[in-house]
Each structure stands twice: as C-alpha cells, then as structure tokens.
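Student: Assemble chain B onto chain A, guided by the hints.
Residue numbers (the UniProt record's numbering), protein chains in the order written: chain A, 1 to 306; chain B, 1 to 255.
Honestly, I wouldn't trust all of these hints.
As the list claims (entries may be wrong) - Within a straight-line C-alpha distance of at most 27 Å, the following computed BS3-like cross-link-like pairs (lysine-lysine) qualify:
#1 B:K20 with A:K117
#2 B:K171 with B:K33
#3 B:K236 with B:K5
#4 B:K144 with A:K301
#5 B:K169 with B:K189
Claimed, not checked - So the derived label-pair ranges between C-beta atoms look like this:
#6 A:D182 with B:S43: 28 to 36 Å
#7 A:K301 with B:K244: 54 to 62 Å
#8 B:K20 with A:D182: 32 to 40 Å
#9 A:V131 with B:D83: 54 to 62 Å
#10 A:F154 with B:P62: 45 to 53 Å
#11 B:P62 with A:K10: 27 to 35 Å
#12 B:A79 with A:V131: 44 to 52 Å
#13 B:A116 with A:D182: 26 to 34 Å
#14 B:K142 with A:D182: 53 to 61 Å
#15 A:K13 with B:R253: 34 to 42 Å
#16 A:K185 with B:D83: 28 to 36 Å
#17 B:E22 with A:G300: 45 to 53 Å
It should be emphasised that the hints constitute simulated quantities derived from the structure, not laboratory data. All C-beta atoms, glycine included, are put in the ideal place defined by N, C-alpha and C.
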Amino acid sequence: MDPIKESLLKTSKAAKKEKKGKLISEFCIALIIIAVVAIFYFVASKGLATFFTNKINLWDFLTKTDWNPGVKDSHGHPEVGALPMIVGSFGVTFLSAIVATPFAIGTAIFMTEISPKRGYRIMQPVTELLVGIPSVVYGFIGLSVVVPFIRRTFGGSGFGILSGTFVLFVMILPTVTSMSVDALKAVPRHYREASLALGATRWQTIYRVVLRAATPGILTGIVFGMARAFGEALAVQMVIGNAALLPKNLISPASTLTSVLTSGIGNTVMGSLQNNALWSLALLLLLMSLFFNLVVRWIGKRGAVK
Amino acid sequence: MATEKEKIITTSDVHLFYGKTEALKGISLDFNKNEITALIGPSGCGKSTYLRTLNRMNDLIPNVTITGTVKLGTQNIYAPDTDVVELRKDVGMVFQQPLPFPFSIYDNVIYGLRLAGVKDRQVLDQAVETSLKQAAVWDDVKDKLHESALSLSGGQQQRVCIARVLAAKPKVILMDEPTSALDPISTAKIENMLLELRDDYTIILVTHSMHQASRISDRTAFFLQGELIEADATKKIFMDPSKKQTEDYITGRFG
Numbered sequence: 001m002d003p004i005k006e007s008l009l010k011t012s013k014a015a016k017k018e019k020k021g022k023l024i025s026e027f028c029i030a031l032i033i034i035a036v037v038a039i040f041y042f043v044a045s046k047g048l049a050t051f052f053t054n055k056i057n058l059w060d061f062l063t064k065t066d067w068n069p070g071v072k073d074s075h076g077h078p079e080v081g082a083l084p085m086i087v088g089s090f091g092v093t094f095l096s097a098i099v100a101t102p103f104a105i106g107t108a109i110f111m112t113e114i115s116p117k118r119g120y121r122i123m124q125p126v127t128e129l130l131v132g133i134p135s136v137v138y139g140f141i142g143l144s145v146v147v148p149f150i151r152r153t154f155g156g157s158g159f160g161i162l163s164g165t166f167v168l169f170v171m172i173l174p175t176v177t178s179m180s181v182d183a184l185k186a187v188p189r190h191y192r193e194a195s196l197a198l199g200a201t202r203w204q205t206i207y208r209v210v211l212r213a214a215t216p217g218i219l220t221g222i223v224f225g226m227a228r229a230f231g232e233a234l235a236v237q238m239v240i241g242n243a244a245l246l247p248k249n250l251i252s253p254a255s256t257l258t259s260v261l262t263s264g265i266g267n268t269v270m271g272s273l274q275n276n277a278l279w280s281l282a283l284l285l286l287l288m289s290l291f292f293n294l295v296v297r298w299i300g301k302r303g304a305v306k
Numbered sequence: 001m002a003t004e005k006e007k008i009i010t011t012s013d014v015h016l017f018y019g020k021t022e023a024l025k026g027i028s029l030d031f032n033k034n035e036i037t038a039l040i041g042p043s044g045c046g047k048s049t050y051l052r053t054l055n056r057m058n059d060l061i062p063n064v065t066i067t068g069t070v071k072l073g074t075q076n077i078y079a080p081d082t083d084v085v086e087l088r089k090d091v092g093m094v095f096q097q098p099l100p101f102p103f104s105i106y107d108n109v110i111y112g113l114r115l116a117g118v119k120d121r122q123v124l125d126q127a128v129e130t131s132l133k134q135a136a137v138w139d140d141v142k143d144k145l146h147e148s149a150l151s152l153s154g155g156q157q158q159r160v161c162i163a164r165v166l167a168a169k170p171k172v173i174l175m176d177e178p179t180s181a182l183d184p185i186s187t188a189k190i191e192n193m194l195l196e197l198r199d200d201y202t203i204i205l206v207t208h209s210m211h212q213a214s215r216i217s218d219r220t221a222f223f224l225q226g227e228l229i230e231a232d233a234t235k236k237i238f239m240d241p242s243k244k245q246t247e248d249y250i251t252g253r254f255g
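Next comes chain B alone, as it looks inside the complex:
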C-alpha cells in the first residue's frame, strides 16, 4: 500500500465466549478512518457478534466473556475507566430491523441530541434537516416530521434510523445487515447514501450480500466459524483472494 491510512479502531486477539462456547477465536482486525469495511461470512460465523463488541453491545447479554483489546483511537474500550455511554456516542449502530421508536420522525432523529441535553429549537431543527438529508429521506418526510415514524415504509424507517444515528454525530457507524429486510430500491438508496457518508464517517458493515460488499466497501473481512480468515482491499478479496476458503465462499462453492 502506498500510504498508510489513519486507523480509527484497532482490535487484537479478541476472544468472546457465550458461557463456555467460544464464538470469536482471536480476531485481530483494524479499521481505517473514512472507509467502508464490509464483514462477510456465512450465518453464525461471528461477524455480527464481532461488530457488537466494537460498541460493547454484547455487555447486555448475560454470561458473555470478552478478552483481548479493542481500541478506539488509543483508548481500550474494555478498560475499566472507559465510559460505555460515551463510547456509544462515538460508535453508533444501525440494526437489521428498521425499527424507529414509536414517536414522531422529529423526536426519533433528535433522540441522541436530547440525551446530550440539547434544548435549543434551532439547533434541533437544523440537525433534523441535515441528518435526514444525509440519510436521503428528507424529501420523503419533510412534510410530516411530526407524524409517527411507524407510519413510514420499511425503507424509509431504516433511513430515519440511520438519520437518528447520524444526528448524534458518531465517529464510527456500525451497521448490522441494514438492508437485509428491505427491497432493492431502498437498498440502492441506502448504498448510495453510505458512499456519500464515507467522507465524514467510518462505516463498518455486516452484510450477507456479496454484491453489496463488492459495490460499496473499500475493505472486506471474511469470517468463518468465529475466525477471521482474510481481510484485505475489497478488490483483492473478490478478484484474487489469498485463502482457499475465501475463494470458495465468494464463488458460492462453499460447504
């Protein structure tokens, strides 16, 4: 590689146990700033679990043990003095189910700002407009900001959920199969949006769609049975993978 890019998240030797079952077997993977990294692999390979270690969402599940280090910048996020709430403000997350809160669209988007104690109407209005525009859903909802977000279509709801994360101004956005419940048109809109967001955010995306990974990601990491098989530039992974298992999976000759 010509220039070494700035790394925003570095993980080394991450093991995760559900009780006694080892779900992640020593993952070491780094993420470059302002890039989209796709995590691919078959169901149950640990890619979602790994994603959720990056903002400590696995803390919510009982009986989970995590070893190894995950650093955001230079801070180990599993260090005892790390404030999980602050961490999650820096590392936002979009889930698979497009499920906004049962509030108005406006209240959904400003949720993160309200938590931060922002009360100024003008700031909030501005944030709502900016984030909804960034999430490519402003034109769909600008006339009904105060209607329930649940009245929107699935694709619109997911974009409102993304706007909700964007409004909180995270540094990194984790996305757990954000388009797997959506139709192709909504998916295309979200993919285009992600390419634009890359300039301001670092995006880590779990996806089942090989096409999606190849279309929008800069780097791709292939997981299999709790192990990281290979991580490289997306072109390299899809054109000339160095591991046999990666090639088998990508060409669909898996199993």
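Bound-form chain A, shown alone:
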C-alpha cells in the first residue's frame, strides 16, 4: 500500500477527538431532552388523573369558583373550581407587565439612546442587582412595605392582586429592561444615521425608527417578563392573601396557581384527589409557560422575516 493511501485510510487523532466530542455533546442533549420529557410526563400523568381517575369535569375545573378539593358540594361533586387562581395568576401577570413595560422601555431608551455612558454605568449594576435579589426578599419587602402602604392608601387588608402587581413589577422590571436594551442595541447604527440625515430629530428617530425596528425584541422581553411573573410563587404568596376566592377587586385577598400549589402541596396525600387537583394546577402552569415560549418564538420568527 502506498503511504498516501495508508494515511488517508487511517483515522487521524483529530478525527477521533472530534468523534468523542460529538458523542459527549449528544449525550448531554439526550439527558436534557429526557429530563424535559420526564417532567412533562410526570406532571401530565398526575394532573390528568384529576379528570380521568377522579372524573372531574374539565370545564368545571376551569370555570367553577369554589376551591376546596376535600369537600363535596350539594351535588356530591368535589369542589375543584380553579377559576379564582387562574384569574389571580393572569391578573398579576398582565397588570405587572402593563406597569413594568413603560418603565422598562423608558430606562432602556435612556441607557442606549440618551445617555449611553452614564446610563450604563448606573443602570447596568442596578438591573443586575435586581435580578440577583432572592424572591423571598422581594416578598418580605412587599409584606412589610407594600402591603401596609396599600392598606393605608386604599383600605382593606392590603393583601391582594395590587400588592402582587407591585412586587412583581419590580421583579420583572430588570428582565424586560435588559431585553429591551439588547433589542435597542441590535438596531443598526445606520438606521439612526439615515433617519437623522433625513431631517429627523433625535426623538423622532427614536420613536419612528429605533423603537419600531426593536419592537419584536421588546415584545419578546415583555413576554419573558410575563412568564417570570406567571411562574413566581414565593414573593406573590407572601403578599396576595392566599384566599382561593374570586377577587372582587384589586385589593381583596386572592391567590394564584403558584401560591396555592406551594402552600398546599405539602399538606396532601399522594394519589388523593386533593393532591391530584394541585397537579392539575401545575399542569396548567406548565402549559402556560409552554404557551409563553411559543409566543416568544413566534415573535422572533416574525421579527426575522421582516
């Protein structure tokens, strides 16, 4: 055999390394996929048991307002109406996103367009700090500052969706802000120059070109913030009042899917209806975060095509 052929037929050291590396990364991917599938399977099997094993009507689950899985109502059906929690979760999520968005966009514009140097030096550490604070601290501050404030200003006990909104607003602000900053920074400098060269003022450039070009990115940030607000359990639980009642207004005690889950999961017996009903709430949460993810992907795709 001639030496060229021989060397071509032999697997080189580099090729072997490449193969090994590929194998390791494939293994890691497989592990993650298995974990995700397992979680879905577990939550789904438990959560669906409420409807298949315990024969709860799915429609009742989503629309009834009495939550007390251990108790049967006058017709002999267990009381598993999750509507109060669904309303609570969506309430705090949307309200906090609505409150946080203008602040986040304003901050992001300041950091990227108005005063990049100073804005960055101050706001970057601030946003990073806000992300790093544990949620129990937020909850504690909410409990000792926000709740009394609401009680004094609006009356009632102070616990409720409004308090939850305020706490979540601060918690999701850094997420929305930093993603808005990224979106604004990704707008080519050229757009700004072209706009100014056409006789636009700086403000006209920001709202007619930069914000418009960054809209998909900013929307993604908002949805990420909403996903975080939707999934936050501890801080909300500390300020929302934890009453599984349909909230009458923003300052009446309410509850969210997460708050009911965290307070109830330790007090129920595996396999019982009480336990399965909580898993159904968890399944609902999981489906919602899946939905938020799909929305983000959809926005990203639309932004890319444009």
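Tutor: For chain B alone, coordinates are given in the frame of chain A:
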C-alpha cells in the same frame, strides 16, 4: 470659465479634529448648483469626513472639533443659530450601505414627509410615485409598495434609499460611495439616474471608482491625507491635472 455658475455650498478653511488628530487640514472648496461634484482620493484621505461636515453628520461622533466656515447659500451651517434638523432637510444624504428602514417600501419613501407632518394620502401617494420614478426603481417595486423594503435586492434597496432622500426634496444630495456595494448593472442604473437628477439637484459624490467620477461628474476634487490637492472641471483633472500627485493617483502610479 465663461460664465460664473451659482454656488450653493461654499466652504473655507475647514479643519476637523478627531480628538487631537487632524483629519481635515484646511479645506476650501465650493460647489456649483445643479452640478455633480466627485470627491476622489485613497481610503482615509478625509473625503467622506469632509462630505459629512456638509450636513453636520460629524456632530454625532464624540470628540470632534470643526473650525472654518461651511455656508449653504449665505448661511453658515455651523453658526449657533442654525437649526441642524432644517439643514439636513435641505442637504440629504445617501450612504454606502443600501439599508432601508425595516418598513414597507412606501413607508420608507414617505419617511421624510411624515417627519414634516404631511398626512394627505394623495400627496404622499404622489410623492412615492414621483420619487421612485426619479430613482429609477418604480417599475421594480410598483406592485409591492406595501411589502418590506428588506425583501428587495441590494441595488433596488439603494435606489429606494435614494428615493427616500428625493421625497424629502433636498437642495443638495450627498452620496457616500453609493454604488460601492452594488453590482455593475445596478451601478449603471444609479449613474444614469444621477445624470437626470442633476437638473433639479446639486449632487456631491464620494467615490472610489475613477471611472465613475469621470463618467458622471462635472467637477472633481482630489483629496490626499486630509488635504485638498486639486479641484477642477472633471475633464481637466483627468486629461491634464496641474498637480503631480493628482496625475499619479489617476494613472494608478500612486504610492
């Protein structure tokens, strides 16, 4: 010269510093109305920097100091009472990268008019058609005015960018290597268009292509290392330059 042409931009002794580095070393150059003036010279000679002093785009870069006078008509554009926004409406600019805004073609073209507060649909429609025709891109895009401008080819995008400037009705159009990112066919289209636009606009064009300068410009100015070496009628510059450096550059014997 037989008749003295009307001057639209006059600059005298323009110095520009990036921090402490002097990028323009006292440029005095005038531009005639309804002519195409080409600015040529090797990379880094200051021709683009000079172009950007004419509509104060250099203001956007920190640490830039400019001295000397630049007059549009009789107004010194660096005078404290000059409104930069108004200036840029009179002196439009086309950039090297053909990069329209990520909006529809229609919205791109009317951008300048929207800024000016024009809302009348008929006026806007008319302006879109006129400018796109002037920019020689109407036939390519007339059926997809409301589609994204980013779906067009590079040459079409650059012509939409030119239409965007034309719609704002400037007096002077600055062009910073508008065809250097384009293929020869798109380049030819844009060159022909510029020759037609000359009747209504004054065009100042930075180009790396000597052929482009000789094909379409009336006057040519040669820059070297931040200095203006020579400015004259294009024929004169290319046939019989008075400076040795100009001749060396034009004949490719440079360096």
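Student: Does each hint fit the structure? Answer for all of them.
Tutor: Now the hints, each set against the structure:
Of the pairs offered as hints, the one joining B:K20 and A:K117 holds, with about 21 Å between alpha carbons and a cut-off of 27 Å not exceeded. Of the pairs offered as hints, the one joining B:K171 and B:K33 holds, with about 9 Å between alpha carbons and a cut-off of 27 Å not exceeded. Proposed proximity of B:K236 and B:K5 is supported: the alpha carbons are some 17 Å apart, at most 27 Å. For the suggested pair B:K144 and A:K301, the alpha carbons sit about 22 Å apart, so the restraint of at most 27 Å is met.
Between B:K169 and B:K189, the direct Cα distance comes to roughly 21 Å. Compliance with the 27 Å bound is thereby established for this hinted pair. At roughly 33 Å, the beta-carbon separation of A:D182 and B:S43 lies within the given 28 to 36 Å, and the hint holds. Hint check: A:K301 to B:K244, Cβ distance near 59 Å, so the stated range 54 to 62 Å holds. Against the hinted window of 32 to 40 Å, the Cβ-Cβ separation of B:K20 and A:D182 comes to about 34 Å, which satisfies the hint.
The given range of 54 to 62 Å is broken by A:V131 and B:D83, whose C-beta atoms sit roughly 43 Å from each other. Between A:F154 and B:P62 the CB atoms are about 48 Å apart, so this pair conforms to the stated range of 45 to 53 Å. At roughly 59 Å, the beta carbons of B:P62 and A:K10 sit outside the given window of 27 to 35 Å. In this structure the hint that B:A79 and A:V131 lie 44 to 52 Å apart at CB holds, the actual value being about 48 Å.
Under the hint 26 to 34 Å, the C-beta atoms of B:A116 and A:D182, about 33 Å apart, fit the expected range. Restraint check, B:K142 to A:D182: a C-beta distance of roughly 37 Å breaks the suggested window 53 to 61 Å. Between A:K13 and B:R253 the CB atoms are about 52 Å apart, so this pair departs from the stated range of 34 to 42 Å. In this structure the supplied range 28 to 36 Å holds for A:K185 paired with B:D83, their Cβ-Cβ distance being about 29 Å.
Remark: the range hint 45 to 53 Å for B:E22 to A:G300 is upheld by a beta-carbon distance near 46 Å.
Figure legend: structure checked against the earlier numbered hints; hints not met, in rising order: 9, 11, 14, 15.
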